[in-house]
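**Q** Reassemble the complex: the two chains are provided individually, in unrelated frames, and hints are given to aid placement.
Here the protein sequences line up with chains Z and W, keeping their order. Heads up, the first sequence is in our numbering, so the first residue is 136 and it goes up one at a time. Heads up, the second sequence is in our numbering, so the first residue is 116 and it goes up one at a time.
Just so you know, these hints were derived from the structure itself, not from any lab. Values in this document were obtained by computation on a predicted structure and should not be read as measured data. Be aware that a few hints might be false.
To be verified - Calculated pairs, DSSO-like style, for lysine-lysine (alpha carbon to alpha carbon, straight line, at most 27 Å): (1) 195(Z) / 393(W); (2) 416(Z) / 458(Z); (3) 416(Z) / 171(Z); (4) 195(Z) / 586(W); (5) 393(W) / 507(W); (6) 217(Z) / 507(W); (7) 261(W) / 195(Z); (8) 441(W) / 188(Z); (9) 227(Z) / 441(W); (10) 217(Z) / 441(W); (11) 460(W) / 239(W); (12) 547(Z) / 416(Z); (13) 147(Z) / 261(W); (14) 586(W) / 227(Z); (15) 147(Z) / 129(W); (16) 195(Z) / 369(W).
To be verified - Under 7 Å between C-beta atoms, here's a sample of chain Z residues computed to sit facing chain W: (17) 140; (18) 154; (19) 202.
Even glycine gets a Cβ: it sits at the ideal position worked out from N, Cα and C.
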Amino acid sequence: MTHFIDRRLNPKGKSLGNRQRFLRRARAQIREAVQKSLKDSAVADLAKERKIKISTKGTKEPRFRLDPRAAGERDFVLPGNKEFSSGDEINKPRSGEDGGRGKQASDGYDGEDDFEFTMTQDEVLDIFFEDLALPNLVRTTLKETPAKTWKRAGITTAGSPNQINLLRTMRHAQGRRIALRRPSLKDIEKLEEQLEAAEREEPQAPDKIAALKEQLAKANARRKWVGFIDPVDVRFNAFTEQPVPTSQAVMFCLMDVSGSMGEREKDLAKRFYMLLHLFLKRRYEKVDVVFIRHTHDAQEVDEQEFFYSRQSGGTIVSTALDKMLEIQKARYATADWNIYAAQASDGYTQTGDARHCVELLNDQIMPLCQYYAYIEILDEREMEVFASEDSGAELWRAYRTVAEEWDNFATKRIARPSDIFPVFHELFRKAEG
Amino acid sequence: MTKLLFDGSEWDFKTLDRAYAAIEEIALNDLGLDVYPNQIEIISSEQMLDAYSSLAMPLMYNHWSFGKLFAREETLYRAGYSALAYEIVINSNPCISYLLEENTMTMQALVMAHAAFGHNHFFKNNYLFRQWTNAEGILDYLSFAKRYVAACEERHGRDEVEAVLDAAHALMDQGVFRYRRPPRPSKERVIEKRRKRMEYEAEAYSELWRTLPAGIEPPTAPPTRDPDEEFGVEDRLPEENVLYFLEKNSPNLKPWQRETLRIVRNLAQYFYPQRQLKVMNEGCATFVHYTIMNKLYERGMIGEGSLLEFLHSHTSVVFQPAFDDKRYYGINPYALGFAIMEDIKRICDEPTAEDREWFPAIAGSGDAMAALKEAWANYRDESFIEQYLSPKVMRDMRLFALFDRADDPTYRVNAIHDERGYRAVRSALARQYDTSADPNIQVAGADLKGDRTLVLEHHMHRGIPLNNATKEQVLAHVELLWGHDVRLEEVAD
Numbered sequence: 136m137t138h139f140i141d142r143r144l145n146p147k148g149k150s151l152g153n154r155q156r157f158l159r160r161a162r163a164q165i166r167e168a169v170q171k172s173l174k175d176s177a178v179a180d181l182a183k184e185r186k187i188k189i190s191t192k193g194t195k196e197p198r199f200r201l202d203p204r205a206a207g208e209r210d211f212v213l214p215g216n217k218e219f220s221s222g223d224e225i226n227k228p229r230s231g232e233d234g235g236r237g238k239q240a241s242d243g244y245d246g247e248d249d250f251e252f253t254m255t256q257d258e259v260l261d262i263f264f265e266d267l268a269l270p271n272l273v274r275t276t277l278k279e280t281p282a283k284t285w286k287r288a289g290i291t292t293a294g295s296p297n298q299i300n301l302l303r304t305m306r307h308a309q310g311r312r313i314a315l316r317r318p319s320l321k322d323i324e325k326l327e328e329q330l331e332a333a334e335r336e337e338p339q340a341p342d343k344i345a346a347l348k349e350q351l352a353k354a355n356a357r358r359k360w361v362g363f364i365d366p367v368d369v370r371f372n373a374f375t376e377q378p379v380p381t382s383q384a385v386m387f388c389l390m391d392v393s394g395s396m397g398e399r400e401k402d403l404a405k406r407f408y409m410l411l412h413l414f415l416k417r418r419y420e421k422v423d424v425v426f427i428r429h430t431h432d433a434q435e436v437d438e439q440e441f442f443y444s445r446q447s448g449g450t451i452v453s454t455a456l457d458k459m460l461e462i463q464k465a466r467y468a469t470a471d472w473n474i475y476a477a478q479a480s481d482g483y484t485q486t487g488d489a490r491h492c493v494e495l496l497n498d499q500i501m502p503l504c505q506y507y508a509y510i511e512i513l514d515e516r517e518m519e520v521f522a523s524e525d526s527g528a529e530l531w532r533a534y535r536t537v538a539e540e541w542d543n544f545a546t547k548r549i550a551r552p553s554d555i556f557p558v559f560h561e562l563f564r565k566a567e568g
Numbered sequence: 116m117t118k119l120l121f122d123g124s125e126w127d128f129k130t131l132d133r134a135y136a137a138i139e140e141i142a143l144n145d146l147g148l149d150v151y152p153n154q155i156e157i158i159s160s161e162q163m164l165d166a167y168s169s170l171a172m173p174l175m176y177n178h179w180s181f182g183k184l185f186a187r188e189e190t191l192y193r194a195g196y197s198a199l200a201y202e203i204v205i206n207s208n209p210c211i212s213y214l215l216e217e218n219t220m221t222m223q224a225l226v227m228a229h230a231a232f233g234h235n236h237f238f239k240n241n242y243l244f245r246q247w248t249n250a251e252g253i254l255d256y257l258s259f260a261k262r263y264v265a266a267c268e269e270r271h272g273r274d275e276v277e278a279v280l281d282a283a284h285a286l287m288d289q290g291v292f293r294y295r296r297p298p299r300p301s302k303e304r305v306i307e308k309r310r311k312r313m314e315y316e317a318e319a320y321s322e323l324w325r326t327l328p329a330g331i332e333p334p335t336a337p338p339t340r341d342p343d344e345e346f347g348v349e350d351r352l353p354e355e356n357v358l359y360f361l362e363k364n365s366p367n368l369k370p371w372q373r374e375t376l377r378i379v380r381n382l383a384q385y386f387y388p389q390r391q392l393k394v395m396n397e398g399c400a401t402f403v404h405y406t407i408m409n410k411l412y413e414r415g416m417i418g419e420g421s422l423l424e425f426l427h428s429h430t431s432v433v434f435q436p437a438f439d440d441k442r443y444y445g446i447n448p449y450a451l452g453f454a455i456m457e458d459i460k461r462i463c464d465e466p467t468a469e470d471r472e473w474f475p476a477i478a479g480s481g482d483a484m485a486a487l488k489e490a491w492a493n494y495r496d497e498s499f500i501e502q503y504l505s506p507k508v509m510r511d512m513r514l515f516a517l518f519d520r521a522d523d524p525t526y527r528v529n530a531i532h533d534e535r536g537y538r539a540v541r542s543a544l545a546r547q548y549d550t551s552a553d554p555n556i557q558v559a560g561a562d563l564k565g566d567r568t569l570v571l572e573h574h575m576h577r578g579i580p581l582n583n584a585t586k587e588q589v590l591a592h593v594e595l596l597w598g599h600d601v602r603l604e605e606v607a608d
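Isolated chain W (complex conformation) (with noise of 0.2 Å):
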């Protein structure tokens, strides 16, 4: 009597209940995650390349560069040179998961693992996603998204949508609030507004117009001016989402444009946390996907077959290439997440006197879920790493720090995996993390009583410059927008 969920690579409908029934029970049970219901679909290669190629989502308005991005996807998966990915998973409610169909059953076990529970439990969780994103609404957002440009391709051709599409594209990474939510009127102040109002008729009313003959119309109230207004934009100044500026306050807009700005905001809004949070999204769902994997295993559920192929495929994820390597690209999220993430488990489970001087809360716990699940839910990557990474880790994958100051012929070796450097190294790596390392760029004045120049600001962090080439090439797309000249300075720090 075996209690396999499955055997061999082929796959069916009636296994992947089995397997995801399993997987649930382990996810639900033993690490007591809390998800959104889930929705999984088969996809073949084709429809993970169109999926890829409107920013992983199931829905997006048309645009040139997603068909470029295709084009290019294409040509590199036809020849071989990059693998699909395994899987794509939507933060919405439900959370829709997507799976190859080429996938191996031992593959489609991981993915549910790794998306359906553990990117799922984190989107759900993590307190980022919680306060800005709006998953329930998402996909119906964007199918009006893509209706409303189509609208407005068909009324005003596809070349003035594509201007406009093609400057907000430029500017989706100042279309975000990183603060603050886009101010609205409170409450109070609309029914404030409401009452005053009232007030005014009351006042001006007079017995006398009733006496007027039909067909002349009493002179109407003056329109009561809104409180927001009585300030100027000057007032409202300086302003970090700049499309979100233009979008108000750009006197040539037409309103479809204002609206084709505002869904392009509301895109990269959407998109914000999860470029906060790339570490601690990818870690959390490697960590489930790896210790689901190996709980069935040791519930003889899966074979060793099966075992080695996750393993195979699991070592290749959390892969992380030396600097000097050929293949180095930058710290391989995954890699440094589900190190960290292990670590933490360790911690609670078998500390060194090391891991009590560094982590007096956690270690020995014994409780490894718990300090997991605490960090899941309430940070993100900056804070995340500067908080959790461990002494170990930054031995295991030998971190060091370099200082690079521009007119010097040489970087500095600043610290390195030792005694004297794990805090700075630390520190460094956090803030290698910080959205706030982001050109820092705001609308500083927009003078529009005069020749209505628009001064944009770039807050240099350290005196580094935005690269010139570009900087020109948006400033004209921004140009386009506000209709009249821009200028952008360099504010030193």
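Bound conformation, chain Z alone (with noise of 0.2 Å):
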């Protein structure tokens, strides 16, 4: 009968073209949410899918719709009466509690009010990289699945003639052929010989002539049927699909929390961190992140009170990289994990300070750490006095000389989203390399 047809594996998302099309549709919206949405969530999880709540502004759907409300007069039915006979009146409700009456009450509003849904990990991410103005080949590096690489998985009985475990093949038709007691070609021979000798030496007595021809006809059938080797036996070397295995990091994320730094800076900073954050989940198995803020003193903090708590004080930001090196001592050791190391400040140190910065850059931290990114977050106006790269604060100043020695040392000043990228600038070409 041809009444049914199976149309389950058929392509699906066929409204992918339409979703595109939505997303396009509500993209400020939609970017207004994602960025609300990644200011609240932690570093390590911008990588992941998320619920998007939008308003419908932009997306309204209108149609010509009666207004009963406004003037006029109507009948309508309802069901499921129970006290009321005719001549009774009933209290309308009060719009906004719309609830118990239903569709036909709320005819003539627009009943859509905020929608929520889920957005892809590549959808949110590519939102991101728009803000970051990352160049787009570097997008796809980061957008790409880790590496896979085949690894042997035992043996199996199906696979492609050219992964045949020989050994293992030729074993299991020896057990084979014993269990079915094939004869071996030196038993025929054997055979062969007695055969003759019996019509050489005894040519009178058939009768053992004729047994003797029978069971060498015996072992040859035998040895056609029972084959020397049989699909039975044949096994093939197995292989599966494993992520590349890739060694360990650790991000240290060097943030100054005095008062100097506002909410704005602050959501820079986590931008820059994510980004790296991101980039480091793509290189390595494992990243652990590790979250020192620093006033006068370093603190070793959770993500939570790295962006919210405020404290207040000076400003040491040596305090900080020395418990960088303190933990990295106590927890880190070099021959295990790759260190990367990530400084957001808005350039002011105490005074004499950042000599002894760039002493303990220069001596023991450079040489420990795979990259090293500092930001200095400024305001668009003193963006415009610091236009050239050597003018700066003490801080600024310091952090040039270290970055004019050392490769894997990056700096920068931003003021907006799009200018964290350059930073990595370095460390991209290097992946992409």
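**A** Structure representation (structure tokens):
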């Protein structure tokens, strides 16, 4: 019969084109929502599916609707009468608490409100990258799934001919031949010899010759149907796909949390950390994140506190570097860990401390680190003042000297999200190469 | 020896075949249904979501609003707020039904009875579908529409196409002919036109032209005017189909934009009967699946477990919460349609004195199927309710009619399910399903020689005006299509 068609294997996701059109249409709202959601989420959670709630503004589909509440009169019928008889008066529900009245009563209104939907990891990243103005090549590098490699995974009975495991195959074949008593070539030769001898020496005993002949025929037949090698003997090497084993990395996030770092500065810093984390996540199987905040004194804190609590006090940057070294020595031996550091600051530090920082970096930290990125967060006005790389506050000038010495030390002043990426330029260039 | 068609909830194609054959047997021989050939397709839940978001059609042009619908449905579904429909059925020939792979075997049987026979019979026989929709051509047309819109996007850019589609969608409810088909020049007129033209050519023929040296063309005849065009636009007003009017008369649209409007308009026209037949369509399908599943049980072809499973899902489909219930969301068309149709059956088979008074034509006739088929073929929701809603159904559903005037602080109960109220309740409910209660918007004037202002009129029904906020938004869309000022006037009745 031809009644039934199995469509389950047909491609799904037919509405993908529509979804892209919708995302494009609601771009502005979605972008706002994604940014808000990024603000509230952990550094390590960037690359995940997330629920986005947007208002339907901009994606409204208006139609002409009647508004019976404004004027005019009408009759309508409801089910489930319990106590009314004709002539009764019923109070109208106030607008807003429309629930029980259902559709009839709310016909004239646009019942659409905010709505929530899930965005995939790629879609979220796209918007994140767009803000950061990442070059396309880098985007694809970051979105790539981690590299896979083939690993041995035992033996199977099915596979491609080039993967035949000869040793196993022959062993199985031998076992089967023994079990099914396949006459060997030697046995046959022996029988033939006996037959020959019998025919030569005892031509008068036809019984014996016949018996030997029969024996020989049987042995030959048996050889034929118990094959030397049979499909059931064949074994193949099996391989499975496994992620490339990569080592682990630790990422130190250092931030000045003194009063001069406001909401905006922290948000920029957060994106900077997110981007580095995303990068590390792609290269290393395990990424630890250590948050160190400092004023005139440094502490290791959890993420919540790192971004949201405030401390008063002076600013001594070198305390954070000391803390980092201390933690690194205690928990992250260079033999096992790749060390990355990302520091964000508004560029102020106690007079004289900058030199100390340079010493620490040059002598102790940089030899340990794979990469050290420093951003100085300015507002737009300061950005214009410090147009040149050479001018700047004490810490900036000091870090410039470190950068000259070390290739894997990057510094950048930023005022907008799109300024962040160039800090990592070197890092990503290596990744591509 | 068991006659059971299936046992347990797993299904496979062999079982489906067996069940289909048994259901077909009952549907065609016992119920005497008349259906398009069936094509039943099994799809996965993702594909069901896909189908949802393209207006339940297997093909559809691309537009962001479908993506929005999909995102919303998907979120609701994944969060477990809403279950997926068990089935989608398309009014086409052959009639395509989609079954969800996750259904149990009992549900597959129910859904086949419901969609492949109930809806299918209704599609093939109801007069509105017969007159207005072209079941043979719809899929081809959709595939043309999809390709056409895609080609336009490629040539003119997504934004351009999107703007036209947005505007057309906003006018979709005003894009249907409610009472007539689009005017088409009649055959006689076309022939007449051709004859006149030949006459003119014959009259104007002159041997002299043949003597011209090669390369000089004789003057061609001035084009004869289409008799239609001898009247101005004004003479063809008012026009209820706003999309049609814009497609034909908008001064600024390019040909591809007109064609796009036409696509949306045709789609609106295709769906228009479905809007007028919700109660009957679902009622018919529900009645058919209910009857068939019970017959299967009577004949020992499904077990008690299946019967209970079927009854459970059937009762939730026809559940009607009371108006003050949290779950109340309007009158459930499945519940209303099924209740009326079951009652028609009862009236035919076991009428009471009341029924004989109300329905003298069918009471006690003993042939329920004939009465039902007659109703399915020749009525739409409004007339069906006006004709067949019986006092018993009104009592069972405890229907009551309210009168609402915008200025009053209260509703007045006009009539309830009692001797004095039956007729009033019935008429009020029937009105509710009359699509002429939609906003009645007409093109009243287009000043093509002056400043080109387009005048739309809303003919109010009992003084109910349009919602202001949405009105402004829709008018912005109309202005885009018209290219000049658009004014909308409320006209009192």
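**Q** Give a verdict on every hint.
**A** Right, here's what the structure says about each hint:
At roughly 26 Å between alpha-carbon atoms, residue 195(Z) and residue 393(W) fall within 27 Å of each other, so this suggested pair holds. For the hint pairing residue 416(Z) with residue 458(Z), the CA-to-CA distance comes to about 24 Å; that is within 27 Å, so the pair holds. Distance hint between residue 416(Z) and residue 171(Z) is fulfilled; the C-alpha atoms sit about 22 Å from each other, no more than 27 Å. Annotation: proposed proximity of residue 195(Z) to residue 586(W) holds, straight-line Cα distance about 13 Å (limit 27 Å).
For the given pair, residue 393(W) sits about 22 Å from residue 507(W) by alpha-carbon distance, which is consistent with the 27 Å threshold. As the CA atoms of residue 217(Z) and residue 507(W) are separated by approximately 16 Å, the hinted pair is consistent with the 27 Å bound. Distance hint between residue 261(W) and residue 195(Z) is fulfilled; the C-alpha atoms sit about 23 Å from each other, no more than 27 Å. As the CA atoms of residue 441(W) and residue 188(Z) are separated by approximately 25 Å, the hinted pair is consistent with the 27 Å bound.
Restraint check: the Cα-Cα separation between residue 227(Z) and residue 441(W) comes to about 16 Å, which is no more than 27 Å; the hinted pair holds. Only pairs whose Cα atoms come within 27 Å are accepted, and residue 217(Z) paired with residue 441(W) is accepted, the gap being roughly 16 Å. Proposed proximity of residue 460(W) and residue 239(W) is supported: the alpha carbons are some 22 Å apart, at most 27 Å. With a CA separation close to 23 Å, the supplied pair residue 547(Z) and residue 416(Z) stays within the 27 Å bound.
Taken as a hint, the residue 147(Z) and residue 261(W) pair is honoured in the structure, with Cα atoms around 17 Å apart against an allowance of 27 Å. Simply put, residue 586(W) and residue 227(Z) have alpha-carbon atoms about 25 Å apart, close enough for the 27 Å limit, and the pair holds. For the hint linking residue 147(Z) to residue 129(W), the alpha-carbon distance of about 25 Å falls within 27 Å, and the restraint holds. Between residue 195(Z) and residue 369(W) the CA atoms are separated by roughly 26 Å; this keeps the pair inside 27 Å, and the hint holds.
The interface hint given for residue 140(Z) is met, as the beta carbon of that residue sits about 5 Å from the closest beta carbon of chain W, less than 7 Å. Below 7 Å, beta-carbon pairs count as interface contacts, and residue 154(Z) has one with chain W at about 4 Å; its hint therefore holds. Given the 7 Å rule on beta carbons, the hint for residue 202(Z) holds: about 4 Å separates it from the nearest Cβ of chain W.
Of the numbered hints listed earlier, not one is contradicted by the structure.
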